[in-house]
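Read top to bottom, the protein sequences are chains L and Y. Okay, so the first sequence: first residue is 22 according to my numbering, each after it adds one. Okay, so the second sequence: first residue is 376 according to my numbering, each after it adds one.
These are computed hints drawn from the structure, not numbers from a lab. Note that CB positions come from ideal geometry on N, CA and C, so glycine has one too. Incorrect hints may have been included.
As the list claims (entries may be wrong) - Some but not every residue of chain Y turned toward chain L, in silico, with C-beta under 8 angstroms: (1) GLY418; (2) LEU419; (3) GLN484.
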Amino acid sequence: DGGITQSPKYLFRKEGQNVTLSCEQNLNHDAMYWYRQDPGQGLRLIYYSQIVNDFQKGDIAEGYSVSREKKESFPLTVTSAQKNPTAFYLCASSRTSGPSYEQYFGPGTRLTVT
Amino acid sequence: AQSVAQPEDQVNVAEGNPLTVKCTYSVSGNPYLFWYVQYPNRGLQFLLKYITGDNLVKGSYGFEAEFNKSQTSFHLKKPSALVSDSALYFCAVRDPPERSNTGKLIFGQGTTLQVKP
Chain L
22 DGGITQSPKY
32 LFRKEGQNVT
42 LSCEQNLNHD
52 AMYWYRQDPG
62 QGLRLIYYSQ
72 IVNDFQKGDI
82 AEGYSVSREK
92 KESFPLTVTS
102 AQKNPTAFYL
112 CASSRTSGPS
122 YEQYFGPGTR
132 LTVT
Chain Y
376 AQSVAQPEDQ
386 VNVAEGNPLT
396 VKCTYSVSGN
406 PYLFWYVQYP
416 NRGLQFLLKY
426 ITGDNLVKGS
436 YGFEAEFNKS
446 QTSFHLKKPS
456 ALVSDSALYF
466 CAVRDPPERS
476 NTGKLIFGQG
486 TTLQVKP
């Protein structure tokens with residue numbers, strides 16, 4: 022899982038509550054990403070950021086928000102507007118230049134909303 | 376638009392036999408292709424990538440992949456499967472930097488590899 026940490030590993034929330042998932046990296050990567058994983062659907066991109074104080078929506082950004090105040094941190098907030106928030110959330114980071122373009126992933130956070 | 380297809384939900388193979396996990400892609404220009412592996416309740420681990428050069432790419436844990444431009448495929452292979460190779464495997468593609476600098480990966484739906492003793 023490289024130098025990316027996600028906390029907590031498991032998270033339980035009641036419907037209607039906002040919840041923030043943590044992602045920290047010590048790889049000095051400029052770019053960071055949030056994915057959602059559901060069974061049988063692969064990974065879908067929620068938000069990404071290529072530089073501090075800037076981020077873009079991915080394919081399924083509705084009901085989510087992010088911030089990128091520091092290079093090493095990219096927290097994701099799952100808001101009450103997200104209709105089906107129960108899922109496995111994965112954070113990743115990568116370089117934005119040079120020959121290595123692969124993304125490195127954290128261990129994930131499993132969110133259950135009831 | 377970019378897309379990746381993994382046509383098999385599950386691949387079953389006996390330990391010691393060769394394995395192949397299939398991936399086809401659709402992208403304009405020269406793709407950057409990746410394989411990742413995921414063990415239960417864990418993040419994805421990078422296995423290998425094709426950027427340019429030799430069509431046969433070698434990666435971690437004895438895995439390799441063959442890039443075939445005419446068939447738009449990037450199948451993952453291993454000569455001799457281990458029980459510990461049992462996991463979920465993802466193929467992914469991104470545009471080369473000269474086409475897009477977002478770094479966005481498009482993932483296939485994943486293939487479960489089951490290696491039986």
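* Asked: Taking 8 angstroms as the limit, does the beta-carbon of GLN484/Y come near enough to a beta-carbon in chain L?
  -> 4 angstroms, holds
* Can we keep the GLY418/Y interface hint, with Cβ of chain L closer than 8 angstroms? -> It holds, given that the least Cβ distance between GLY418/Y and chain L is near 4 angstroms, below 8 angstroms.
* Using Cβ atoms only, decide whether LEU419/Y comes closer than 8 angstroms to chain L, and label the hint accordingly. => 4 angstroms, holds
Going down the numbered hints, you'll see the structure goes against none, and every one checks out.
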